[in-house]
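Chains as they are written, first to last, in this note's numbering: chain B, 470 to 954; chain A, 204 to 562; chain S, 456 to 825.
It is possible that part of the hints are untrue.
[Said to hold, decoys possible] In silico DSS-like links for lysine-lysine, alpha-carbon gap of 25 Å or less:
#  : chain 1 : residue 1 : chain 2 : residue 2
1  : S       : LYS724    : S       : LYS652
2  : A       : LYS209    : A       : LYS448
3  : A       : LYS210    : B       : LYS926
4  : S       : LYS715    : S       : LYS798
5  : A       : LYS288    : B       : LYS926
6  : A       : LYS384    : S       : LYS798
7  : A       : LYS369    : S       : LYS700
8  : B       : LYS662    : A       : LYS448
9  : A       : LYS384    : S       : LYS684
10 : B       : LYS926    : A       : LYS209
11 : B       : LYS637    : B       : LYS943
12 : S       : LYS662    : A       : LYS369
13 : A       : LYS414    : B       : LYS926
14 : S       : LYS481    : A       : LYS369
15 : A       : LYS308    : S       : LYS715
16 : A       : LYS504    : A       : LYS288
17 : S       : LYS709    : A       : LYS448
18 : S       : LYS481    : A       : LYS448
19 : S       : LYS684    : A       : LYS369
20 : S       : LYS778    : A       : LYS392
21 : A       : LYS418    : A       : LYS209
22 : A       : LYS369    : S       : LYS715
None of these hints come from the bench; they were simulated from the model.
This is what each chain is made of:
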Amino acid sequence: MKYKLVRTTKVNMQYKKAPTVESVLAEETVKALREITNHIQDAVFKDIPTKEGMVTIIHSNSLVEKRTLQEVVLVPLCNHIHQIHQLATPVDLKEFKGIIEKIGGGHTLLYFHQTHQLLSLNTYSAPTRTITDTATESTVIGPQDAFTESLDTNISLVRRRIRNPMLKNEDRILGTESNFRISILYIEDLVNKENLDTLKQRIDKVHYPIFTDISMLMQSIEDNPLSPFPQYYMSVRPDSISQYLLDGRIVVFMDNSQAAIVGPTSFFEMFISIEDYYNRWTMASLLRMLRFFGFFLTIMITPTYISALVFHPELLPYELLLNLQESRSNVPLPPLIEVLFIELIIEVLREAGSRMPTKVGQTIGIVGGIVIGTAAVDAGLVSNILIVLVAISALLSFLPPIFLMSNTSRFVRYIFIFSAGFFGMYGQMLAFAWLFAHLLSLNSLGTPYMTPFIPRKATDLLDSIVRFPTAYLKNRKGISRAQKK
Amino acid sequence: MSTHTKKILNGYHVVFLAQSAMIGSGILTLPRELSSVGYSQTFLPILFGVFASLTLWPMVWLNLKYPNENLFRINEILLGKGLGKILNVLIILQFTLFIAGIINKYMHLIQSTALPEQTITKPVLLFLLLLIYIVNGGIKSIARFCMLTFFLTIGIFYFTYWAVQKGDFSHLFPLFNFNGKELFEAMGKGYLAVLGYGAIMFYFPYIVDQKKAFKHVLTGIWISISLCFITVLISVMYFSEWQLKHIEFSILNLLKSGELSFVERFDIIGVTLWVFLILTTVAVYLWSAKEGIVSLFSKEKKYYIYVLTAIVFLIVRIPFPQEFQDKFFTTVNYIAYFLIVWPSFLSIIYLLRKKQVQP
Amino acid sequence: MNKKILLFTTLIGLTFLVGCSRAEHKVPLEEIGLAGIMAFDYIDENKVQLSVAIPQHSPGAKASTQVFSVPTELLSKGIVDIEALSDKKILFNQLRVVLINEEFARKGRVERMIQHLYRNPEPGNKVLIAIVKGSSEELINADYPNKPDINYYINDLLLPTINTAFNPNTNIHDFIYTATNPVFDPLLPIIEKKDDKLEITGVALFKNNNMFETLTPEEAFIIQDLIGKKKLAPLSVELNQGHGKESLMLERVKSRVKMKSNKNIKSPKLTISLFYKGTLVEYTGERENDLHSPESLSKLEKDINKQVEEEVKKTLNKLKELKVDPIGLSENFRMYYDGKWTKEMTEENISKLEVDIQVKTSIISTGTLD
């Protein structure tokens with residue numbers, strides 16, 4: 470701040486020193502500008518003679534591509550200078566912070582020596598990724614493009630799908646230190662104003678130095694940040710985001726972040742993939758059931774193994790029980806430790822696999838899985854039936870299309886494992902009751918997380934576990950509380 | 204103080220609050236409680252339903268006179284501050300003991316089936332922690348939990364299918380084969396199973412559509428009554444009169460009759476799933492007791508619930524002799540009948556003192 | 456905020472509580488002996504020889520089943536004694552069969568033992584009960600070369616099959632139900648060891664908590680039919696109605712029993728109607744080449760009706776003489792009786808009972824017979 474003040478007075482003084490001699494003034498100004506930008510190391514100054522006299526252009530080398538500079542600035546400057554005046558926005562010479570932000574944001578500043586005018590042109594053309602297909606949410610049917618880390622590209626991907634003049638985006642600058650853009654998208658005549666206000670308020674209240682991904686922002690604007698469940702839908706698919714926008718939801722994009730978040734959402738929506746709408750309704754319904762009940766299975770399978778072994782041997786059929794006894798007879802670990810051991814090994818395999826380079830990772834994953842699995846049984850560390858169960862529950866945990874949910878299910882499973890290890894089936898049911906009580910108390914942007922179990926609208930049920938044929942799904946979801954039906 | 208209570212409970216919430224508060228530990232032993240009339244017990248639940256509907260009417264009538272007050276406040280208004288407060292303390296005490304009784308009964312079942320050879324201290328503790336978590340969410344959270352519980356546990360009835368198959372429908376006849384004394388005994392013991400609907404007097408101020416509350420609660424009552432009726436009907440069909448009298452938890456034995464190929468026995472799952480039903484009932488009572496304390500001190504404090512739960516825990520865990528415990532909880536349960544008749548009495552007072560106590 | 460704190464205390468509490476679980480040691484599955492068969496043999500009035508068969512899971516063990524046997528007065532005491540003999544904790548959660556030797560069934564306190572098991576929440580309802588001719592301990596200990604495991608063998612034998620349709624398949628609930636219900640008397644199958652295999656040779660009839668009489672499979676079959684068992688066993692009839700000796704087999708597709716009482720316990724009268732509907736699958740006798748026309752079939756139907764009527768009557772007369780009611784015929788009178796129904800009333804009722812039997816058979820096809 471101090472720096473800024475001093476500089477301002479200096480420039481003003483320079484004004485007063487030689488107000489009549491233009492060239493001197495211009496030189497002074499350029500010098501001042503150089504001083505201001507001296508901490509932007511890659512700022513480039515260039516003097517270009519034009520019809521309107523000398524023009525100094527200033528830009529950041531790393532944020533502006535040569536070609537863009539050529540097309541947007543240099544060619545018009547030399548040939549059609551009136552275009553520049555039409556397109557460029559004037560910048561206040563005294564507003565130093567603004568100047569620095571412009572350069573830092575990839576703009577090119579043009580200083581006209583004669584008229585003593587400072588104009589800016591958006592030439593932001595930092596290297597971006599091209600639009601590729603998604604690695605995390607890929608589908609067989611449907612569009613394959615995914616968002617990139619560029620905010621403008623992402624918004625253009627959405628706007629390409631929704632040609633509706635009511636689609637609004639509001640920009641905010643976020644991060645007390647990093648200062649970058651987020652964009653709130655919504656369709657004005659659909660969105661619920663109350664939800665929108667809540668979200669804006671929350672975003673305005675956020676005070677955090679830097680967000681490196683939108684998931685960080687998501688955690689700081691949730692209704693219950695301590696919950697293990699994600700309370701916003703998160704996707705990198707433009708088609709799925711557009712669909713939610715048209716349902717009246719609010720979408721938040723962040724620059725440098727691939728995914729977008731959608732609110733309000735519900736627990737059940739975590740198990741919906743956009744592909745469900747591309748598939749035939751019969752298969753889509755089957756898959757949805759699989760994912761939804763898969764969540765409950767994955768948190769129940771291994772705990773039930775512990776319960777049955779330690780507390781309730783009557784649960785299992787006699788034959789299976791004798792097999793279990795046989796395979797358990799060499800295992801020195803109590804069932805709880807046995808389960809924890811093998812579950813943690815799976816976690817390790819998964820984590821190690823995701824850190825390793827792809828080619829190595831695959832091999833290690835398979836080798837690790839098979840070698841450790843069979844060897845652990847042979848060594849008498851775990852029973853072979855448990856290996857099967859753990860493998861199934863690990864696979865089931867990857868069913869939810871939202872990866873955060875899949876992580877959650879893995880965490881929740883440990884709660885169930887511990888309660889089963891201590892109280893058997895009773896403990897499991899208590900944990901189950903806790904899970905439901907918790908889910909019921911959660912809100913996403915003020916709407917209950919457990920919709921459509923708590924139906925907002927009867928038509929919601931048409932698009933729940935069973936996805937009805939497309940003709941029945943015209944209505945918007947009750948959860949969005951949209952202005953239009 | 205409670206004139207600004209937010210109206211948050213819609214019709215469905217009211218239906219299931221009333222319904223879930225009734226189905227708790229009572230239904231587990233209902234056929235045994237009714238066994239003094241033998242096979243003729245089948246139609247007693249329906250009689251209970253009629254009784255419940257009749258006693259519900261003065262409750263709602265009184266509450267409609269004071270749409271923003273719960274029973275604790277109404278007591279104070281109608282009986283004067285001093286007398287009202289004393290009575291409220293008694294009600295809170297009764298609720299606490301009642302909660303302890305329900306938990307005690309259920310834990311007894313858990314101990315004898317799911318967790319044999321284990322003390323129940325920790326299971327009770329964990330149960331109470333969860334209970335606090337649910338009650339802290341407020342009455343709306345409890346209502347939502349009640350709805351979910353209903354749909355989650357209704358499936359248990361499927362597992363009585365085998366019992367129905369094996370059962371004999373002719374046990375129902377002759378229809379009214381009992382004398383007055385037997386009927387009175389069965390009524391006295393069995394009506395406990397359907398008591399919970401009285402809690403309406405405490406969450407009434409939170410209901411959005413208070414005019415329709417009577418209809419909603421009535422729906423809830425009759426859902427519960429039909430569940431009781433089905434339970435008793437199947438028990439009568441499946442058991443002999445001796446079994447009805449001597450089997451403590453007849454639902455447990457009904458569930459034992461089920462046969463599935465992959466799960467040998469469903470009774471453990473059924474009994475442990477029952478914890479949902481116990482949780483809802485107890486949560487409604489605990490919440491009501493908390494409201495009572497709030498009205499006593501005219502202040503809302505979080506620690507009330509913790510204190511109440513601690514008392515419940517102590518009552519459940521103090522090593523009274525079994526006999527004393529049984530007697531104690533039975534007496535407490537009989538006091539609960541008083542709460543059912545109390546509103547009728549209050550209504551009379553209201554009519555007498557109409558001028559003085561205009562809300 | 457408080458809610459969140461609570462959520463976390465719950466989570467943390469759970470974790471810590473698990474730590475405490477070390478103190479209460481739970482025996483994991485491999486150190487448990489899951490008893491499959493329990494057997495009682497008569498020693499004297501107070502004592503009983505209790506045997507328990509436990510399947511062995513360790514692959515190295517020679518015998519697939521381990522049998523422990525102790526004399527005892529109390530069931531629970533006997534179980535403790537057996538646990539002392541075995542290296543494992545014995546649980547009855549998977550108990551499948553209870554065997555009672557004939558002598559114990561006739562003289563011992565069967566009901567008390569079964570009731571003890573029934574009260575115990577460990578065993579399920581699938582526990583089947585059977586009477587053993589001779590020593591039940593020997594029966595479990597015997598070697599059955601074709602069967603790997605005695606536990607499965609006896610259990611499978613006692614489970615309902617079409618070939619042993621006369622088997623009442625009495626499980627622990629049925630026994631208690633029939634024993635405590637005044638209108639019923641319990642029935643139990645009898646198994647016997649013949650050479651290398653086991654066989655259900657008949658059905659034991661109980662009265663006043665003790666075995667009383669033995670019924671032949673044919674009589675038991677009729678009783679099961681009258682009870683209205685759902686499993687439809689083929690009906691084999693030996694005809695002797697003026698056409699010489701004939702025998703036939705009727706594969707039933709539908710069978711129904713209807714009972715109608717005169718509601719009078721002074722002079723009880725019961726009308727029993729039996730309907731059979733089925734396919735004639737096999738026939739040998741005089742009329743072999745004469746069964747093509749509907750007339751001849753209806754003639755045969757009538758003959759079957761008559762024969763079955765006679766057989767049912769014979770069986771019912773036997774029950775009447777014995778004054779026992781395993782079918783629950785008295786239920787048709789209890790239904791209309793105000794007041795308490797007692798066992799004595801059942802006895803009296805059955806001894807006075809007049810029965811009118813109507814059998815109606817309809818042969819819907821002659822199957823693949825030409």
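Against the structure, the hints:
no., hint, in the structure
1, LYS724(S) to LYS652(S), "44 Å, violated"
2, LYS209(A) to LYS448(A), "47 Å, violated"
3, LYS210(A) to LYS926(B), "20 Å, holds"
4, LYS715(S) to LYS798(S), "21 Å, holds"
5, LYS288(A) to LYS926(B), "44 Å, violated"
6, LYS384(A) to LYS798(S), "24 Å, holds"
7, LYS369(A) to LYS700(S), "39 Å, violated"
8, LYS662(B) to LYS448(A), "62 Å, violated"
9, LYS384(A) to LYS684(S), "39 Å, violated"
10, LYS926(B) to LYS209(A), "23 Å, holds"
11, LYS637(B) to LYS943(B), "23 Å, holds"
12, LYS662(S) to LYS369(A), "22 Å, holds"
13, LYS414(A) to LYS926(B), "23 Å, holds"
14, LYS481(S) to LYS369(A), "36 Å, violated"
15, LYS308(A) to LYS715(S), "44 Å, violated"
16, LYS504(A) to LYS288(A), "18 Å, holds"
17, LYS709(S) to LYS448(A), "37 Å, violated"
18, LYS481(S) to LYS448(A), "34 Å, violated"
19, LYS684(S) to LYS369(A), "10 Å, holds"
20, LYS778(S) to LYS392(A), "38 Å, violated"
21, LYS418(A) to LYS209(A), "21 Å, holds"
22, LYS369(A) to LYS715(S), "20 Å, holds"
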